[in-house]
Amino acid sequence: MSISVVCTGLSKTFDAHVEAVQPLDLSFIAGQTTALVGPSGCGKSTLLRMIAGLEEPSGGTVSIGGLPPSETLRKANLSVAFQDPSLLPWRSVRRNIELALTLARRPIVARDVDQLIRLVGLDGFGDTRPAELSGGMRQRAAIARALSTRPDLLLLDEPFGAVDELTRQQLANDLPAIWEARGTTTILVTHSVSEAVMLSDRVVVLSARPAEVVADISVDLPRPRRAELTRSQDFTEIVDAVFAALAEGMAEPQPKAAQ
Amino acid sequence: MTAADPALPFTHWPRAVLGPVAALVLWEVAGRVLTDAFVLAPPSAIIGYLVGNVGLIARALGVTLANAAAGFVIGNAAAVLLATLASVWPRSDAMIRGLALVVFCLPLVATGPILRVIFGPGDWPQIVLAALAVYYTTLIPLLVGLRALPSGWLDLVRSYGRGRMAALVHVRAMAALPYLVAGLQIAAPAALLGAMVGEFTGAERGMGVLTVRALRAMDVEMTWALASVATAVAVVGYLAIGWLAQRYLQDDPPIILAAPPLASRAANRFAGLATLVCVTIGALLLWWGLLELLDLSPFFAKRPLDVLDSLVLAPDAADTRATLTTALGDTAVFLLPGYLAGLAMGAGLAILIVLVPRAAGTAMPLAIALRSVPIIITAPLVVLTLGRGAVGTVVLVAIMVFFPTFVACMHGLRQAPGQVIDVFNSYAANRGQQLLRVRIPAMLPAFFAAARINVPASILAVTVVEWLATGNGIGSVMALSASLSDYDMLWSAVFVVTALSALGYAGVGAVEKRVLAAFAPEQLL
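Chains as they are written, first to last, in numbering that gives the first Met the number 0: chain A, 0 to 258; chain B, 0 to 524.
Honestly, the hints are just simulated from the structure, not real lab data.
Because the structure is a prediction, the values reported are computed rather than measured.
Treat the hints with care, as some may be off.
Said to hold, decoys possible - Between beta-carbon pairs, the in silico distance windows are:
| hint | chain 1 | residue 1 | chain 2 | residue 2 | range |
| --- | --- | --- | --- | --- | --- |
| 1 | B | 87 | A | 74 | 16 to 24 angstroms |
| 2 | A | 17 | B | 84 | 55 to 63 angstroms |
| 3 | A | 109 | B | 285 | 45 to 53 angstroms |
Where a beta carbon is used, it is the ideal one built from N, C-alpha and C, also for glycine.
Take these sequences, add in the hints, and give me the full structure.
In structure tokens form, the structure reads like this:
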């Protein structure tokens, strides 16, 4: 099922002083992949956490698939892959994935879990504990865990940070195919402009803190996208546009809280 | 510390066989030389006594162990239950911690006789005392363990729309397991200690009863044999749980030194004060409610108002207060020097050893194992060796305070981040500067944690010695009023000692805040 996400006047202020996100209206279209890019510390992750229901907004609302905000966390079928893989150290890769299924009250189908493990390139590591995996492998396990519950909404917070370049390309090839086939609405927070363009249908560029939308750039590139695409004229043009918007967002004078 | 510390032979012998063997030899020689002094029994005499009285000791040990085990189970079950409640219902946390501390500050020696009139003769007083002795040492690490986990793990649970119960079952319970084990490890000797304190203060059977008998008869061999057996059993219990943990857990149990300060989580001074008031009211209600619930006769089960009456309102209240004040003054003369000396020795030795890194590597496991020796059990030995005067009491309190302080400080000193030490090394700073600027600030929180937890511990030590031997101070007042059935005095003494103990604990916390603010502000929460 494809669901949309609508943020209305969404804002977040920490400790009454630090304004992380200023009132923001932003919609995420059902079935699309949207990348959020912006300078570090601009509030991208806070925005994502508010959408996931993990952070209470200071103002405004998030509505997922038409559910009232009070019920989203309980009822929305969403998954988050965090910056920090947050795997439980006493569980193997497989058992970590199974935990997500248990938490989401889904049946555990061993074949599906195996398939996911293979998909993220962890074949043969299903029974390995996180401590014995590299940082990139842990992040891939976390991605597999997030996908396991077949979410309608997938929230990815820099999930490829520690993944090596080659695997990253591989994942960029394989993963969108899964969430597209399922019509998953995906929101991806990333530092990497080329990754944002490569993976998404739309790039939303946020300004330095407090975050506001500087540019909303649609990525009309054919899928499936292969590594060769990065050398195409169209790709470079979009990347340049995103960079330009980023620079603009950095240069913008900081709006004051009193405004 | 005497060379005859009976704990040595049981600690990490593969690594340091030489030390214990030397200690045993020294002990044997000293024992033989001092045969006529009636203070020290050599190992050979102890073994001789044990062989000759196997049946007697085995029966007594059986009784004591059964009581300790029952108390261990009950106390730890209560700790697990309370910690779980605090985790699922965070608002109850401050209250649970506060009440737990108040109960931990109860002077066990006086609680024994009170339990005896409540339960009547039999094993229950010893079992309850054992439970009281263990629940706090398990509760505190467990409370820490249930919290000490990356926020990402909890986010994961919440992102699937699940609540605190799911977090507890799937994440917190397993994350807290090593902490639980750390608590259980300390609880094993503590349970034995609780049971034996119960027996010291008037049970019918058990190791503690035999000890009192041996002490009265000045039977040196018997006293030493009983203390050796009790210590060995305590250390074996401690090591066995550690061994089980190492076998079945992936991570080593963490070293938990003491509870984080109560007020640290409170947002401000006012919230801390509110907690204090709530906990005080809660404790008084609990006291009153429990006695009412059990429908106990007010003749021996005094309610809060009875104690208020005997301390403030009654015609002889001034006499009661005067008796208590004099006794407390006498106790303080032993308690304070012992407490301060123990702290100074513990911190000082830890600092000295850290200056010699190789020594630190060996000393740490030894010190941690020695921490498992329930010092109170050796109280009769100290009384025998140093006599019934002031020196024995002060030394016992100092020893009691020394071990946890030493372990805590060693741990704290080694907490200094390696990278910071590297920076100092890169500037060719000498060890003294490193110590002053990095290690000691890193040590301070551990030191104060030990100082806090040692307030009730040293009061327990001093009251046990006063009860058993010196006939001085508040412990003796408790013993006397228990034997005279002067329950007004007994309950008043328990109330005052508990309050002072809790105040002392809080007072050390206040000093800690001041000192940390001045010398190690980065360590303040």
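* Asked: Between residue 109(A) and residue 285(B), does the C-beta distance stay in 45 to 53 angstroms?
  -> holds, 51 angstroms
* Note whether the CB distance of residue 87(B) and residue 74(A) lies within 16 to 24 angstroms or breaks it. => Because 23 angstroms falls inside the window, the suggested range holds.
* Take the C-beta atom of residue 17(A) and the C-beta atom of residue 84(B), compute their distance, and say whether it sits inside 55 to 63 angstroms. => violated, 35 angstroms
Hint compliance for this structure: hint 2 is the single one not met.
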